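Peer 1: The lines below spell out each chain.
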Amino acid sequence: MLAMNYRGPYRVRADKNVPLPEILHPQDVIVRVLRSCICGSDLHLYHGLVPDTRIGSTFGHEFIGEVVEVGTAIENLQVGDRVMVPFNIACGKCAFCRQELYGNCHESNPEATAVGGIFGYSHTAGGYAGGQAEYVRVPYADVGPVVIPNWMDPDDAVLLTDVVPTGYQAAEMAGIQPGDTVVVFGAGPIGIMAAKCSWLFGAARVIIIDQVDYRLEFAERYAQCEAVNFRSIGDPVVFIKTITDSLGADVCIDAVGCEAAGNSINTLLGRYMMLQGGSTTALHWAINSVKKGGIVSIVGVYGPTNSLVPIGNVLNKGITIRANQASVKRLLPKLIQHVQDGVINPKELITHRVPLEEVGDAYHLFSSKLDNCIKTVLIPPLAST
Amino acid sequence: MMTDQTTPEDFINERQGQYSHIKGWGMDFDPKNDPTFPIKKRNNEEHQGYAWQRPPLQEETVEILKSVERPNLTAVYGTDNPPKGLSGAIRRMAFNYSESSYGRWLPLVLADRINMLEGVAQDIAKGHLPNIAKELGLGAEWKYNKKSFISKSVVVGLVIGLVAYQFCSKKKK
Chain U
1 MLAMNYRGPY
11 RVRADKNVPL
21 PEILHPQDVI
31 VRVLRSCICG
41 SDLHLYHGLV
51 PDTRIGSTFG
61 HEFIGEVVEV
71 GTAIENLQVG
81 DRVMVPFNIA
91 CGKCAFCRQE
101 LYGNCHESNP
111 EATAVGGIFG
121 YSHTAGGYAG
131 GQAEYVRVPY
141 ADVGPVVIPN
151 WMDPDDAVLL
161 TDVVPTGYQA
171 AEMAGIQPGD
181 TVVVFGAGPI
191 GIMAAKCSWL
201 FGAARVIIID
211 QVDYRLEFAE
221 RYAQCEAVNF
231 RSIGDPVVFI
241 KTITDSLGAD
251 VCIDAVGCEA
261 AGNSINTLLG
271 RYMMLQGGST
281 TALHWAINSV
291 KKGGIVSIVG
301 VYGPTNSLVP
311 IGNVLNKGIT
321 IRANQASVKR
331 LLPKLIQHVQ
341 DGVINPKELI
351 THRVPLEEVG
361 DAYHLFSSKL
371 DNCIKTVLIP
381 PLAST
Chain R
386 MMTDQTTPED
396 FINERQGQYS
406 HIKGWGMDFD
416 PKNDPTFPIK
426 KRNNEEHQGY
436 AWQRPPLQEE
446 TVEILKSVER
456 PNLTAVYGTD
466 NPPKGLSGAI
476 RRMAFNYSES
486 SYGRWLPLVL
496 ADRINMLEGV
506 AQDIAKGHLP
516 NIAKELGLGA
526 EWKYNKKSFI
536 SKSVVVGLVI
546 GLVAYQFCSK
556 KKK
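Chains as they are written, first to last, in our numbering: chain U, 1 to 385; chain R, 386 to 558.
Among the hints, erroneous ones may be present.
List time: in silico DSS-like cross-link candidates among lysine-lysine, alpha-carbon distance up to 25 Å [what the hints assert, rightly or not]:
{"hint": "1", "chain 1": "R", "residue 1": "LYS531", "chain 2": "R", "residue 2": "LYS511"}
{"hint": "2", "chain 1": "R", "residue 1": "LYS519", "chain 2": "U", "residue 2": "LYS369"}
{"hint": "3", "chain 1": "U", "residue 1": "LYS317", "chain 2": "U", "residue 2": "LYS334"}
{"hint": "4", "chain 1": "R", "residue 1": "LYS451", "chain 2": "U", "residue 2": "LYS93"}
{"hint": "5", "chain 1": "U", "residue 1": "LYS334", "chain 2": "R", "residue 2": "LYS426"}
{"hint": "6", "chain 1": "U", "residue 1": "LYS317", "chain 2": "U", "residue 2": "LYS347"}
{"hint": "7", "chain 1": "R", "residue 1": "LYS531", "chain 2": "U", "residue 2": "LYS369"}
{"hint": "8", "chain 1": "U", "residue 1": "LYS329", "chain 2": "U", "residue 2": "LYS347"}
{"hint": "9", "chain 1": "U", "residue 1": "LYS292", "chain 2": "U", "residue 2": "LYS241"}
{"hint": "10", "chain 1": "U", "residue 1": "LYS317", "chain 2": "U", "residue 2": "LYS241"}
{"hint": "11", "chain 1": "R", "residue 1": "LYS469", "chain 2": "R", "residue 2": "LYS511"}
{"hint": "12", "chain 1": "R", "residue 1": "LYS426", "chain 2": "U", "residue 2": "LYS93"}
{"hint": "13", "chain 1": "U", "residue 1": "LYS329", "chain 2": "U", "residue 2": "LYS93"}
{"hint": "14", "chain 1": "U", "residue 1": "LYS93", "chain 2": "R", "residue 2": "LYS425"}
{"hint": "15", "chain 1": "R", "residue 1": "LYS417", "chain 2": "U", "residue 2": "LYS334"}
{"hint": "16", "chain 1": "R", "residue 1": "LYS425", "chain 2": "R", "residue 2": "LYS408"}
{"hint": "17", "chain 1": "U", "residue 1": "LYS369", "chain 2": "R", "residue 2": "LYS469"}
{"hint": "18", "chain 1": "R", "residue 1": "LYS469", "chain 2": "U", "residue 2": "LYS16"}
{"hint": "19", "chain 1": "R", "residue 1": "LYS425", "chain 2": "U", "residue 2": "LYS329"}
{"hint": "20", "chain 1": "R", "residue 1": "LYS531", "chain 2": "R", "residue 2": "LYS519"}
{"hint": "21", "chain 1": "U", "residue 1": "LYS93", "chain 2": "U", "residue 2": "LYS334"}
{"hint": "22", "chain 1": "U", "residue 1": "LYS369", "chain 2": "R", "residue 2": "LYS532"}
{"hint": "23", "chain 1": "U", "residue 1": "LYS291", "chain 2": "U", "residue 2": "LYS317"}
{"hint": "24", "chain 1": "R", "residue 1": "LYS528", "chain 2": "U", "residue 2": "LYS369"}
{"hint": "25", "chain 1": "U", "residue 1": "LYS292", "chain 2": "U", "residue 2": "LYS347"}
{"hint": "26", "chain 1": "U", "residue 1": "LYS292", "chain 2": "R", "residue 2": "LYS511"}
{"hint": "27", "chain 1": "R", "residue 1": "LYS425", "chain 2": "U", "residue 2": "LYS334"}
{"hint": "28", "chain 1": "R", "residue 1": "LYS469", "chain 2": "R", "residue 2": "LYS451"}
{"hint": "29", "chain 1": "U", "residue 1": "LYS16", "chain 2": "R", "residue 2": "LYS511"}
{"hint": "30", "chain 1": "U", "residue 1": "LYS291", "chain 2": "R", "residue 2": "LYS519"}
{"hint": "31", "chain 1": "R", "residue 1": "LYS417", "chain 2": "U", "residue 2": "LYS317"}
{"hint": "32", "chain 1": "U", "residue 1": "LYS292", "chain 2": "U", "residue 2": "LYS317"}
{"hint": "33", "chain 1": "R", "residue 1": "LYS451", "chain 2": "U", "residue 2": "LYS16"}
{"hint": "34", "chain 1": "U", "residue 1": "LYS329", "chain 2": "R", "residue 2": "LYS557"}
The hints are simulated quantities; they were obtained by calculation from the structure and are not laboratory data. Owing to the predicted nature of the structure, the values given are computational and were not obtained by experimental measurement.
Turn these sequences into a full structure, and let the hints steer you where they fit.
Peer 2: Dropping the structure here:
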């Protein structure tokens with residue numbers, strides 16, 4: 001089958017000779033992929049920043065597809081069902097899944113205990129093949145996947161597998177109270193969605209900060225928020241204090257993660273030398289910009305190694321830090337309703353549709369932010385819709 | 386391959402605690418004081434330890450490197466790209482360290498880079514010459530960012546030309 005094939009940092013290709021996936025467990029299904037996105041966090045893999053990303057891996061944790069084969073223990077799905085597949089692989093039985101922490105499953109990743117299994121996200125996240133392929137194996141398929149409602153556009157469905165739940169949970173973890181000022185660092189798809197969802201919790205002001213003008217313009221329009229380029233404001237922390245009557249924001253959301261720009265020491269140590277789990281610049285700004293007693297919500301992805309953060313300021317300011325991978329299964333019923341009600345319109349984020357055969361161009365386009373790219377969707381040749 | 390022989394009973398938390406003699410035990414408990422709400426549906430099952438009824442176990446058909454922080458493989462896992470070659474040897478060594486150690490992660494980064502070279506060698510051995518320009522997505526660069534493409538090409542061309550010139554002039558001497 002055709003699948004994306006990682007060959008090293010900044011090198012990926014569409015490989016026609018990848019073996020078809022097989023049922024390896026009674027609770028597996030095989031899905032024929034209809035849509036697969038490139039996520040901002042795929043770029044961390046693409047840039048070689050995630051340890052244990054092996055050559056020959058297929059990325060892709062945001063996908064939808066049609067069930068073509070089911071394991072012997074599958075009860076909730078049948079061949080022909082069209083499903084959205086949460087990016088987290090969750091057993092539904094462990095103590096953490098039973099607490100609805102589906103992003104923290106303890107039965108899906110033998111290689112690391114800190115993170116549950118994730119499709120196509122290196123052996124640090126379980127070594128699963130991802131959905132940037134014609135077919136993919138989906139474990140625990142009775143637990144995570146949800147049948148796509150007939151009324152739902154496939155482009156909306158594919159964004160419900162990660163972008164919408166992660167953005168929503170960023171705002172949810174922030175504990176936003178009516179009247180709060182929310183600052184979101186990062187105007188990628190997740191940051192834009194976090195800004196959009198902040199309104200749903202009663203924010204009075206939402207400010208998004210980035211360095212890419214076209215993304216800020218998009219965010220301003222899509223999320224109806226204030227948008228600021230940190231290259232034009234001097235010190236972002238001083239700027240935020242200034243526009244919040246010197247006290248700081250009630251809530252800051254880090255939707256950037258390990259490839260943040262804006263601080264050369266962090267960039268050197270985190271991105272080039274890999275001596276910390278990425279560049280923590282956005283997290284620094286979030287901690288230092290939030291009000292005393294405020295909340296910092298982290299959904300930006302960092303590597304597993306140590307990272308430099310101003311933990312003394314966290315203590316002295318009495319900051320609450322909340323973070324997690326999105327619990328997609330927990331949030332899907334509510335978010336499907338929000339899409340049906342027109343409260344959230346995910347597919348507007350999609351700017352580029354690229355055939356899977358041109359996956360190298362698609363990654364470069366997204367990574368280098370060419371052609372005003374916000375979100376790229378890969379279409380496999382077998383996708384009929 | 387070895388099959389996991391552990392059972393839930395091996396991990397039941399028997400430290401149930403003796404606190405009935407503690408004066409004031411639990412008197413200030415406030416269920417609303419829960420910073421995990423609404424993310425975690427609290428049921429305190431984790432206090433019972435790693436003792437849940439596990440899903441059926443996937444058959445072990447390839448080598449899987451397991452974190453030393455857990456006693457067994459998870460019930461499912463990915464089987465693509467098992468460790469092999471020099472990079473595989475380094476990965477095996479790295480997995481002797483816990484997830485909190487640089488000894489775990491920095492060797493994995495080294496293994497990834499070596500694996501990249503192994504990948505090139507494998508391609509050539511299979512008679513497949515990698516199309517580096519296509520893999521780098523230079524088509525998109527040409528389509529959407531011609532100016533940068535041309536300037537980068539000129540710089541790369543100059544560097545290659547200089548190196549070639551130096552090499553040739555040294556050879557003549």
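Peer 1: All the hints need checking, so say for each whether the structure fits it.
Peer 2: Here is what the structure says about each hint:
no., hint, in the structure
1, R:LYS531 x R:LYS511, "violated (34 Å)"
2, R:LYS519 x U:LYS369, "holds (18 Å)"
3, U:LYS317 x U:LYS334, "violated (34 Å)"
4, R:LYS451 x U:LYS93, "holds (21 Å)"
5, U:LYS334 x R:LYS426, "holds (16 Å)"
6, U:LYS317 x U:LYS347, "violated (39 Å)"
7, R:LYS531 x U:LYS369, "holds (14 Å)"
8, U:LYS329 x U:LYS347, "holds (20 Å)"
9, U:LYS292 x U:LYS241, "holds (12 Å)"
10, U:LYS317 x U:LYS241, "holds (14 Å)"
11, R:LYS469 x R:LYS511, "holds (17 Å)"
12, R:LYS426 x U:LYS93, "holds (14 Å)"
13, U:LYS329 x U:LYS93, "holds (14 Å)"
14, U:LYS93 x R:LYS425, "holds (15 Å)"
15, R:LYS417 x U:LYS334, "holds (23 Å)"
16, R:LYS425 x R:LYS408, "violated (30 Å)"
17, U:LYS369 x R:LYS469, "violated (35 Å)"
18, R:LYS469 x U:LYS16, "holds (23 Å)"
19, R:LYS425 x U:LYS329, "holds (13 Å)"
20, R:LYS531 x R:LYS519, "holds (16 Å)"
21, U:LYS93 x U:LYS334, "holds (22 Å)"
22, U:LYS369 x R:LYS532, "holds (15 Å)"
23, U:LYS291 x U:LYS317, "holds (8 Å)"
24, R:LYS528 x U:LYS369, "holds (13 Å)"
25, U:LYS292 x U:LYS347, "violated (37 Å)"
26, U:LYS292 x R:LYS511, "violated (61 Å)"
27, R:LYS425 x U:LYS334, "holds (16 Å)"
28, R:LYS469 x R:LYS451, "holds (15 Å)"
29, U:LYS16 x R:LYS511, "holds (14 Å)"
30, U:LYS291 x R:LYS519, "violated (48 Å)"
31, R:LYS417 x U:LYS317, "holds (22 Å)"
32, U:LYS292 x U:LYS317, "holds (5 Å)"
33, R:LYS451 x U:LYS16, "violated (31 Å)"
34, U:LYS329 x R:LYS557, "violated (69 Å)"
The earlier numbered hints that this structure contradicts are 1, 3, 6, 16, 17, 25, 26, 30, 33, 34.
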